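*Asks:* Residues per chain are reported as follows:
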Amino acid sequence: MKKQTFFLIVVISYTLTCCNRRPENIKEAQVLPPIYPDYMDVTIPFNIAPLNFLFRGDADALEIKVKGVRDSLIVHGNKKICFPLKVWKKLLQRETGNNLTVSIMAHIHNRWICYKPFHWNVVGDKIDSYLSYRLIEPGYEIWNALQICERNVENFEERVIADNNQLNQSCMNCHIYGSQNGNLSMFHLRGKNGGTILNRNGKLRKLALKNGKMISNAVYGAFHPSGNFGVFSTNIIIPELHARGSKRMEVYDTLSDVIVTDFNENRILQSSLLSNPYVLETFPVFSADGKEIYFCSAPKMKLPDQIKDLKYSLCRISFDAFHKKFGICVDTLWNARLTGKSVCFPKVSPNGKYILFTVADYGTFPIWHRETDLQLINLNTGLIDSLTIVNSDKSDTYHSWSSNSCWFVFASKRDDGQYGKPYFAYIDKTGKAHKPFVLPQKDPVHYEQTLKSYNIPELSVSKLPFHARDIEKIYRDLTAEVYK
Amino acid sequence: MKTINKYIVFIVIVLWALVWFFFFNKYYPYHLVHREQIQLFLYSSDYIRSYFQHPAWLACLTGDFLTQFFYFVAGGGSTIALLLLIMGVLFYWGVGRLSYFHNSEQNSKWSKLLKIILTVALMAWEALRNCGIDYELSSTLSIIGGILIFIVYDSIPKPWQLISGLVILPLSYWLFGYGIFGFLILATFQNIRLRRFLPAFILFTVALIIPALLRHTYLLTSKQAYQLPGRTFFDKPNLEREKLLKMDVEASYGHWNYVAKITEKEDLKSRIASYYYNLSHVRQGSISADLMNTYQPGSLGLFIPLNSYTAPLSIWCSNEVWFQLGDMTMAEHATLLAMIFSPKHRSSRMVKRLAEINLINGDTLAAMKYLHLLENTWLYKQWALKRMPCKEDKDFKSWLEQKRKSIPTNDTIRATNSEIVSIRNLLQYQPDNRIALDYLLCYDLLSKDIKSFMQDYTNYKVWEKGISGRIYGEAIIIGLTNHHASSEEANMYKVPMEVYKDFRDYTDLFAESRGNITLLQPKYGKSYWFYFHFANFVKK
Chain U
1 MKKQTFFLIV
11 VISYTLTCCN
21 RRPENIKEAQ
31 VLPPIYPDYM
41 DVTIPFNIAP
51 LNFLFRGDAD
61 ALEIKVKGVR
71 DSLIVHGNKK
81 ICFPLKVWKK
91 LLQRETGNNL
101 TVSIMAHIHN
111 RWICYKPFHW
121 NVVGDKIDSY
131 LSYRLIEPGY
141 EIWNALQICE
151 RNVENFEERV
161 IADNNQLNQS
171 CMNCHIYGSQ
181 NGNLSMFHLR
191 GKNGGTILNR
201 NGKLRKLALK
211 NGKMISNAVY
221 GAFHPSGNFG
231 VFSTNIIIPE
241 LHARGSKRME
251 VYDTLSDVIV
261 TDFNENRILQ
271 SSLLSNPYVL
281 ETFPVFSADG
291 KEIYFCSAPK
301 MKLPDQIKDL
311 KYSLCRISFD
321 AFHKKFGICV
331 DTLWNARLTG
341 KSVCFPKVSP
351 NGKYILFTVA
361 DYGTFPIWHR
371 ETDLQLINLN
381 TGLIDSLTIV
391 NSDKSDTYHS
401 WSSNSCWFVF
411 ASKRDDGQYG
421 KPYFAYIDKT
431 GKAHKPFVLP
441 QKDPVHYEQT
451 LKSYNIPELS
461 VSKLPFHARD
471 IEKIYRDLTA
481 EVYK
Chain D
1001 MKTINKYIVF
1011 IVIVLWALVW
1021 FFFFNKYYPY
1031 HLVHREQIQL
1041 FLYSSDYIRS
1051 YFQHPAWLAC
1061 LTGDFLTQFF
1071 YFVAGGGSTI
1081 ALLLLIMGVL
1091 FYWGVGRLSY
1101 FHNSEQNSKW
1111 SKLLKIILTV
1121 ALMAWEALRN
1131 CGIDYELSST
1141 LSIIGGILIF
1151 IVYDSIPKPW
1161 QLISGLVILP
1171 LSYWLFGYGI
1181 FGFLILATFQ
1191 NIRLRRFLPA
1201 FILFTVALII
1211 PALLRHTYLL
1221 TSKQAYQLPG
1231 RTFFDKPNLE
1241 REKLLKMDVE
1251 ASYGHWNYVA
1261 KITEKEDLKS
1271 RIASYYYNLS
1281 HVRQGSISAD
1291 LMNTYQPGSL
1301 GLFIPLNSYT
1311 APLSIWCSNE
1321 VWFQLGDMTM
1331 AEHATLLAMI
1341 FSPKHRSSRM
1351 VKRLAEINLI
1361 NGDTLAAMKY
1371 LHLLENTWLY
1381 KQWALKRMPC
1391 KEDKDFKSWL
1401 EQKRKSIPTN
1411 DTIRATNSEI
1421 VSIRNLLQYQ
1431 PDNRIALDYL
1441 LCYDLLSKDI
1451 KSFMQDYTNY
1461 KVWEKGISGR
1471 IYGEAIIIGL
1481 TNHHASSEEA
1491 NMYKVPMEVY
1501 KDFRDYTDLF
1511 AESRGNITLL
1521 QPKYGKSYWF
1531 YFHFANFVKK
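Protein chains in written order, with our numbering: chain U, 1 to 484; chain D, 1001 to 1540.
Since the hints were made in silico from the structure, they are not lab data.
Accuracy of the hints is not assured; some may be wrong.
The calculated label-pair distances, taken between Cβ atoms and stated as ranges, are [to be verified]:
(1) D:CYS1390 x U:ASP41: 24 to 32 Å
(2) U:TYR36 x D:ASP1393: 19 to 27 Å
(3) U:ARG111 x D:LYS1386: 25 to 33 Å
(4) U:ALA29 x D:LEU1365: 51 to 59 Å
(5) D:THR1217 x U:GLY352: 38 to 46 Å
(6) D:LYS1223 x U:ARG111: 32 to 40 Å
(7) D:ASN1417 x U:VAL279: 24 to 32 Å
What you are looking at is a predicted structure, and each value in this text was computed from that prediction instead of being measured.
The C-beta atom is built at its ideal place from N, Cα and C for all residues, glycine as well.
Could you put together the complete structure from these sequences and hints?
*Replies:* Here is the structure:
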């Protein structure tokens, strides 16, 4: 018995010493640590989930010190670094407004190496707690398994709010919120029993957003701040493949118009200025006060032959929600002819101060264009920020704002050029953008191993009031409401 | 005597398992390799955790782990046979616990015989289900789990059985999915025989309710909830499909000469067979002579159109032609679709192909994504390490250089179903791409577009590239005849005189027989003239 106890003590002591190898004889390295995702020198909100990461080196032990002004924490590991949620939350709460210094020491080939430290700037501007996105394999035309998920960005909870496995494998388009509010959202469900699923305060409706004058069902859309209207494009979308591998796919419209839907009276409102047969109009959004519609516009041309000449400008038309009337002229805010580039996906910040949009060399839907970058117009000054610190050499697009207009999320293919991931960027009070960081995952190996792309990430202050089972029921049992 | 009987029973079960081992190894090995290729088992916590998102996690995890052995010669047959053996022994043991068989000592011979028959039948049923193209081993393990749980349940003292059963049922569903019904059938028989109708009814009801209750949690359809991880109730061997998979698997190994031999030998009337016939013969450089030696379903034997109606096996094979031609965007498109439409949306073979495509394109980051994935596997780790950028081995480097020569240097856009636009684009900037040239010419021929064939043949000066073959010669004669070419023009194409002579004989016979197909077929059935005259395109 004594022998067994002794043996047990030896084993436990050995295990403990192995696990908690303490750094000694440390060699300073003047390089930044090889970590993934790139969380170095990023600005983070105080309510974000732990920034767990991988160490991409041959270390057999790691010690990570996160030191702030009032608090600090030390974590050990060998490849994955995962911070305990409670300790992390406490640290961020106490260090809001401060810089955290992160020092990594790695035991490599029997030697401790201390890498150059980096910083996390913790800001008190909260990011909306919920993020919705569509998970889809980056196939180009045909889909199989799709899910729309909602993730709590303050921890690692993720739930599926629609799964096409239960919806006869139908295609589901991306889920969007109105005013970043979980009680107002919608997405298009295609297929035989499909329709636009509208969630207003948890009441789900299925809408057939098409009338005889429209060229297709409603496609890209956004809510009016009142929640009573939606603005949509109707498009004939053509997907084609590039011959050279780097761009992979070209998605362009041969026809497109913009319409407004009245969710209370089931009516579709149209304007000849938004359905000009010689012009392609798409990607509409309402302004923050709902009095204007921003959209992208390009002269119609012979496609695909002239695809490289297809360049969209950013335009604006007024909208009177009370009288349900459109303005009589279209203003151009950003002229493709003058810039030589093409704009898409304009998104107005909830405070009405900025428009964030995507710029590409050409084309309608350039998510596979590597040059696709985000830009920011300050609507007060008219100045354009090219967001150099935010953009990468791969596609950065599909963005949406946080309700306080301090954060935006976007899908970036920067890691591998193929799989989009949600990145968050901070805009401070002076309008300066900060280096973005990717949505943290419980297991930091997740992004390396997932074969799904995160599409249309959208932020929301509150949780969605429905479940996947509700969507299945509405898909199966409800007939879509007809629009006139 | 009892011991001898037990041995006999065991020997019968072992022999029956051996029969299936022999069958799977001899007649069905490529289905099993295919089943390994359509999954990607990762040794990572994130991946293992994904199994808990569905019921039957234990069966699925074990099944997918064991499926890796299908990669090896005889590995698939051995694994299935071993599981059938375990299933047989457990079932015999489990059935033996039923009081029907306990209380029938006076009929012990018959009861033993009945038990053996039931055991053999169950093993056969499960073996036949394993003949499905994407049948999952987890399905077999679910049944084994269900039987095992019954044995545990039956060992519990009778007064506790109902309560234990109520605990076991959700546990059983969680671990083994539809294996719950294996348990339920045995437990119901037992309870009814013991006249415990109420417990039988309660267990039966609870077992039926559990999948319905949990299906929303696991995001399943009603059907899936009751049959997961199984997909089919019954299947049977499909030996023609085995031949197609043989072509496909051997092509994935790069054994093109062997693929050519198989396609010649089997001569199947199938689009996939023609696809591999054409591809392997183009690679050998013999398609200009051999095009008509097999069944040709028009241009569908050259390319597999991808749309929502394309069968999964066709989608699976479709990337190969683009990869060989050098059109990496089309190859990547087809490969991603093959992966998306594989049962678990991840496939070792397609991930390997995606890594290769991106390495050829020089898209290192994308290639690394796939190579990192493969690094986390048991079977493909070394494969991935040998291809890591900057750490490639010599053979792979030279292969890569060779492949990069055939990719287009210009950019254009085309629809995914514009095969001919893609080939012309490849040839425009790489006129020496011999595979693309043969494909272009064969496309013209199989579409009976002699005008385009003559133009392409002339534009690319095929006779100067050392490409000659009787079928091309036969088509040229049709082209020359169609536009009454001069003898100077005819000489340019260097068609052998014997082909002209045969053409005269063919036309004479055609005229004499008034186009009688039965008279022409014996001698000219494998000529292009015959195809040109008699092949009909039927729109389905």
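*Asks:* Now look at each hint and say whether the structure bears it out.
*Replies:* Going through the hints against the structure:
Evaluation of the 24 to 32 Å hint for D:CYS1390 and U:ASP41 yields a pass: the beta carbon distance comes to about 27 Å. As the Cβ distance of U:TYR36 to D:ASP1393 is approximately 26 Å, the hint placing it in 19 to 27 Å holds. One distance hint, 25 to 33 Å for the beta-carbon pair U:ARG111 and D:LYS1386, holds here, with the actual separation near 29 Å. For U:ALA29 and D:LEU1365, the hinted distance range of 51 to 59 Å is not satisfied, since their beta carbons lie about 25 Å from each other.
One distance hint, 38 to 46 Å for the beta-carbon pair D:THR1217 and U:GLY352, holds here, with the actual separation near 42 Å. Taking the beta carbon of each, D:LYS1223 and U:ARG111 are about 58 Å apart, not inside 32 to 40 Å as hinted. Taking 24 to 32 Å as the suggested C-beta distance range, the pair D:ASN1417 and U:VAL279 conforms, at roughly 29 Å.
The structure shown violates the earlier hints numbered 4 and 6.
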